[in-house]
Amino acid sequence: MTTSQIAALVGAELRGPGDIVITGPCTLALAGPGSLTFIRDQAFVARWAGSKASAALISAGLSIPEPGPGRALLVVGDADLALIKVLERFAPAPPAAPAGVHATAIVDESAAVAATAHVGPQCIIGTGVHIGAGAVLYAGAIIGEHVRIGEGTILHPRVTVMERCIIGRRCTLHPGVVIGADGFGYRPSPDGRGVLKIPHTGNVEIHDDVEIGANTCVDRGKFGPTVIGAGTKIDNLVQVAHNVTIGRACLIAGGVGIAGSTSIGDGVIIGGQAGLKDNIEIGAGARIAAMSAIMSDVAPKATMVGAPAVGHIEFFRRIAALKKLTNR
Amino acid sequence: MTTSQIAALVGAELRGPGDIVITGPCTLALAGPGSLTFIRDQAFVARWAGSKASAALISAGLSIPEPGPGRALLVVGDADLALIKVLERFAPAPPAAPAGVHATAIVDESAAVAATAHVGPQCIIGTGVHIGAGAVLYAGAIIGEHVRIGEGTILHPRVTVMERCIIGRRCTLHPGVVIGADGFGYRPSPDGRGVLKIPHTGNVEIHDDVEIGANTCVDRGKFGPTVIGAGTKIDNLVQVAHNVTIGRACLIAGGVGIAGSTSIGDGVIIGGQAGLKDNIEIGAGARIAAMSAIMSDVAPKATMVGAPAVGHIEFFRRIAALKKLTNR
Amino acid sequence: MTTSQIAALVGAELRGPGDIVITGPCTLALAGPGSLTFIRDQAFVARWAGSKASAALISAGLSIPEPGPGRALLVVGDADLALIKVLERFAPAPPAAPAGVHATAIVDESAAVAATAHVGPQCIIGTGVHIGAGAVLYAGAIIGEHVRIGEGTILHPRVTVMERCIIGRRCTLHPGVVIGADGFGYRPSPDGRGVLKIPHTGNVEIHDDVEIGANTCVDRGKFGPTVIGAGTKIDNLVQVAHNVTIGRACLIAGGVGIAGSTSIGDGVIIGGQAGLKDNIEIGAGARIAAMSAIMSDVAPKATMVGAPAVGHIEFFRRIAALKKLTNR
Numbered sequence: 001m002t003t004s005q006i007a008a009l010v011g012a013e014l015r016g017p018g019d020i021v022i023t024g025p026c027t028l029a030l031a032g033p034g035s036l037t038f039i040r041d042q043a044f045v046a047r048w049a050g051s052k053a054s055a056a057l058i059s060a061g062l063s064i065p066e067p068g069p070g071r072a073l074l075v076v077g078d079a080d081l082a083l084i085k086v087l088e089r090f091a092p093a094p095p096a097a098p099a100g101v102h103a104t105a106i107v108d109e110s111a112a113v114a115a116t117a118h119v120g121p122q123c124i125i126g127t128g129v130h131i132g133a134g135a136v137l138y139a140g141a142i143i144g145e146h147v148r149i150g151e152g153t154i155l156h157p158r159v160t161v162m163e164r165c166i167i168g169r170r171c172t173l174h175p176g177v178v179i180g181a182d183g184f185g186y187r188p189s190p191d192g193r194g195v196l197k198i199p200h201t202g203n204v205e206i207h208d209d210v211e212i213g214a215n216t217c218v219d220r221g222k223f224g225p226t227v228i229g230a231g232t233k234i235d236n237l238v239q240v241a242h243n244v245t246i247g248r249a250c251l252i253a254g255g256v257g258i259a260g261s262t263s264i265g266d267g268v269i270i271g272g273q274a275g276l277k278d279n280i281e282i283g284a285g286a287r288i289a290a291m292s293a294i295m296s297d298v299a300p301k302a303t304m305v306g307a308p309a310v311g312h313i314e315f316f317r318r319i320a321a322l323k324k325l326t327n328r
Numbered sequence: 001m002t003t004s005q006i007a008a009l010v011g012a013e014l015r016g017p018g019d020i021v022i023t024g025p026c027t028l029a030l031a032g033p034g035s036l037t038f039i040r041d042q043a044f045v046a047r048w049a050g051s052k053a054s055a056a057l058i059s060a061g062l063s064i065p066e067p068g069p070g071r072a073l074l075v076v077g078d079a080d081l082a083l084i085k086v087l088e089r090f091a092p093a094p095p096a097a098p099a100g101v102h103a104t105a106i107v108d109e110s111a112a113v114a115a116t117a118h119v120g121p122q123c124i125i126g127t128g129v130h131i132g133a134g135a136v137l138y139a140g141a142i143i144g145e146h147v148r149i150g151e152g153t154i155l156h157p158r159v160t161v162m163e164r165c166i167i168g169r170r171c172t173l174h175p176g177v178v179i180g181a182d183g184f185g186y187r188p189s190p191d192g193r194g195v196l197k198i199p200h201t202g203n204v205e206i207h208d209d210v211e212i213g214a215n216t217c218v219d220r221g222k223f224g225p226t227v228i229g230a231g232t233k234i235d236n237l238v239q240v241a242h243n244v245t246i247g248r249a250c251l252i253a254g255g256v257g258i259a260g261s262t263s264i265g266d267g268v269i270i271g272g273q274a275g276l277k278d279n280i281e282i283g284a285g286a287r288i289a290a291m292s293a294i295m296s297d298v299a300p301k302a303t304m305v306g307a308p309a310v311g312h313i314e315f316f317r318r319i320a321a322l323k324k325l326t327n328r
Numbered sequence: 001m002t003t004s005q006i007a008a009l010v011g012a013e014l015r016g017p018g019d020i021v022i023t024g025p026c027t028l029a030l031a032g033p034g035s036l037t038f039i040r041d042q043a044f045v046a047r048w049a050g051s052k053a054s055a056a057l058i059s060a061g062l063s064i065p066e067p068g069p070g071r072a073l074l075v076v077g078d079a080d081l082a083l084i085k086v087l088e089r090f091a092p093a094p095p096a097a098p099a100g101v102h103a104t105a106i107v108d109e110s111a112a113v114a115a116t117a118h119v120g121p122q123c124i125i126g127t128g129v130h131i132g133a134g135a136v137l138y139a140g141a142i143i144g145e146h147v148r149i150g151e152g153t154i155l156h157p158r159v160t161v162m163e164r165c166i167i168g169r170r171c172t173l174h175p176g177v178v179i180g181a182d183g184f185g186y187r188p189s190p191d192g193r194g195v196l197k198i199p200h201t202g203n204v205e206i207h208d209d210v211e212i213g214a215n216t217c218v219d220r221g222k223f224g225p226t227v228i229g230a231g232t233k234i235d236n237l238v239q240v241a242h243n244v245t246i247g248r249a250c251l252i253a254g255g256v257g258i259a260g261s262t263s264i265g266d267g268v269i270i271g272g273q274a275g276l277k278d279n280i281e282i283g284a285g286a287r288i289a290a291m292s293a294i295m296s297d298v299a300p301k302a303t304m305v306g307a308p309a310v311g312h313i314e315f316f317r318r319i320a321a322l323k324k325l326t327n328r
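Residue numbers (the numbering used here), protein chains in the order written: chain Z, 1 to 328; chain R, 1 to 328; chain A, 1 to 328.
No wet-lab data here; the hints were simulated from the structure.
C-beta atoms are modelled at their ideal positions from N, C-alpha and C, and glycine is treated no differently.
Honestly, I wouldn't trust all of these hints.
[Said to hold, decoys possible] Short, incomplete list of chain Z residues facing chain A, as computed with Cβ under 10 Å:
{"#": "1", "residue": "A31"}
{"#": "2", "residue": "A43"}
{"#": "3", "residue": "V45"}
{"#": "4", "residue": "G120"}
{"#": "5", "residue": "P175"}
{"#": "6", "residue": "A214"}
{"#": "7", "residue": "L237"}
{"#": "8", "residue": "L251"}
{"#": "9", "residue": "A253"}
{"#": "10", "residue": "A290"}
{"#": "11", "residue": "I319"}
Working from the sequences, and respecting the hints, build out all of it.
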């Protein structure tokens, strides 16, 4: 694609030649001739002069010199959104996933697999499972009894979905995800000599358009479901315990742990490695900083920081007070 | 089951009708007609009025109004223990695991698999392995050379047990567990140009009645074993490093990390995402709060909080002091 | 081997009999007759008297009584390095990995697998993959389209390498590792009703002699690669996000999380469960304490501690100031 074709694709104002051939996007640091890079804030502008990229997507309003000979700038309202369009255009095709069941997959005869679904090599599909139209199960999915996988959902290699769990439509589960393992629930035994295991008879319900990162675990409920709301995105290595309820369109970064029966409202954003106590409520639109320890209910739209977490204003006041102490 | 049958099952005092048909247990929030819910402390009592549940298990001594028409309360000494009995009664049967070896499993001819054990599809059983009576290996277990799996132990799908490790009786390992990967041990190389890997020649010994959560890792010892004591329960995504020794009946929540050669006494409780330094000793009965950083030995029965952790009384004094600073 | 043979192997000064037969190495606590243990600092000397070990490797310069009858001490310059030699000698052979492809492996006809490589049972090798000489893929590796695996690299059971990623020579990947899942990247959608997924069109490049621990995840780049430099060692359950760049010979302990596009210099050491913000730079030779939260750039060779992290001197001053406050 040429710079003028890309400008047309993303609705950019083109500064510089329109006939530069772009072979793909790249970061400012690693870009070479033929690369398109992107500049979303002023901090990156300084690196453009030293970059070998042939062109850059840049957000309108940033101050930047003219591109110079043989280079072009594509000015757009939002460089991030424009980048998504460019990446979609240059993205390699996903691995092949033709409709049908691979010869090495083991599918129980009672399972209903849509004719347009792909069931890859070494998948195991249990009794009474339902796989929706256009679903893609890459290699090695293990799908327990009576699980339902919605239309268009993608299971990357080696996903495990335990019995009776329900996955919505257009979800994406990355490698190593475990849905529906038992929750971690015990009670001291009456004889005082150990613990009794609480049976976990519930399941997991994942609504539409959810994405779950590699090796993340979502445990089944003790009774009733663990729920992940539509459009929520969860990163790698996250722990979602039994009977947690997560609302719609939340973003939960890597390494977060959410303890049992905690309830999270819509649109909540949780930074990496934060921990949430059991049986608390997080209001809609709240923001929780990375590595924070949330020990009690959080109000809607609050921003919480620290361990134990407090409001972000109080947090920064405490840090300032501590700093002052050591300057005496 | 009717309310009077459940009352008999759990030894409850029944308040209200005995002929209500209960179809299953459910949380207060999600319960509908036919549901049995449970109320273990006063905080939940207020939600009972608004719940659609037909009945509730409730701990004796809580103050609660009469159930009203068509609803029943079942008063018990300990609602948690009664709930376990109810959940066991209503629990769906576990996935089928008939005695025998699935046709797609690969079992080395030198392995000794008990006739009553179940070896599921795509399991791989190495040289000299011993699988005890009644053990259940669901799909995709990979069992290395000379591993021993005790009687009645359950391996959920996709568990990996590396060579020479020993798993006791009646253990439960959840999906994605990795037992016996190499520990993380290196030394600077004498030429100063990198590191040398320390060979890990030991193994992992897991005693009876241990449960290990999804995607948790227990590394093998450098020499000698990494040990997990009888009755200990470990949650998801926990890291247990080489040569760690964990005592009996410990509870270790999700995301915890325990560094090399640390020793943990009996009955220790560790909250989620806590981290324990290498080569320290945690006394029996100690409690470690979630997300704490344990940097040195902990006395028996001590309660430690914070990063770096201190005793809980000192911890809350420090938090109070910090709060006061910012109120000046 | 006898004590004198071991002394010769590691270049030790032998104190005590040279004819004691050593059956293997063991920890001080668990050692029995025939065991060789090791003592690397004065703290361990006291335990030697009570240990049942027949011999010990000990670093020169430590003060220790004579071994007594029937026991020997082997004095070396560096007990850690000597121990590596001993462990290598006593290490059991690794699981068999004969050259060739197992009958149950599924190898695309376009893949180039070196004749000397081992491809174990149930491995799946995609289109255009290249597997180098002497590489070992134990059971259940899933290797995506156009992946390259270098000479002599070992993939333990159940490793997943997604399409187009590149693994260097002599690397070791432990069970459950996921290389090349999509990064966690979204932007608010223009209609304000959710988020758009950023396509991740890049890959992961792992250079030579890298080791990656069990269930660790390394995400692919948005565009351009996520890079792990030669000789770097990563422990279990670590999250390396999209477009992170890690230098040479770093040591990254268990449970660490590194957010997107962060750059880490050579020789950096990161303690367990530390978290690093996105888009920051960590200078070469920096040390980051366990459980620290790194929120901004770190200077080369700096030592950072705490959440949010500060230099270690400032950190300990703050802890001291806090302690003083509560003693008033």
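Consistency of the hints with the structure:
1. A31: holds (8 Å)
2. A43: holds (9 Å)
3. V45: With Cβ-Cβ at 15 Å, over 10 Å, it is violated.
4. G120: holds (8 Å)
5. P175: Result: holds, 4 Å to nearest chain A Cβ.
6. A214: Since chain A brings a Cβ to about 4 Å from A214 of chain Z, closer than 10 Å, the hint holds.
7. L237: holds (5 Å)
8. L251: The hint holds - L251 of chain Z has a Cβ within 10 Å of chain A, the shortest such distance being about 7 Å.
9. A253: holds (7 Å)
10. A290: At about 6 Å, which falls below the 10 Å cut-off, the nearest Cβ of chain A leaves the hint on A290 of chain Z intact, so it holds.
11. I319: holds (7 Å)
Hint compliance for this structure: hint 3 is the single one not met.
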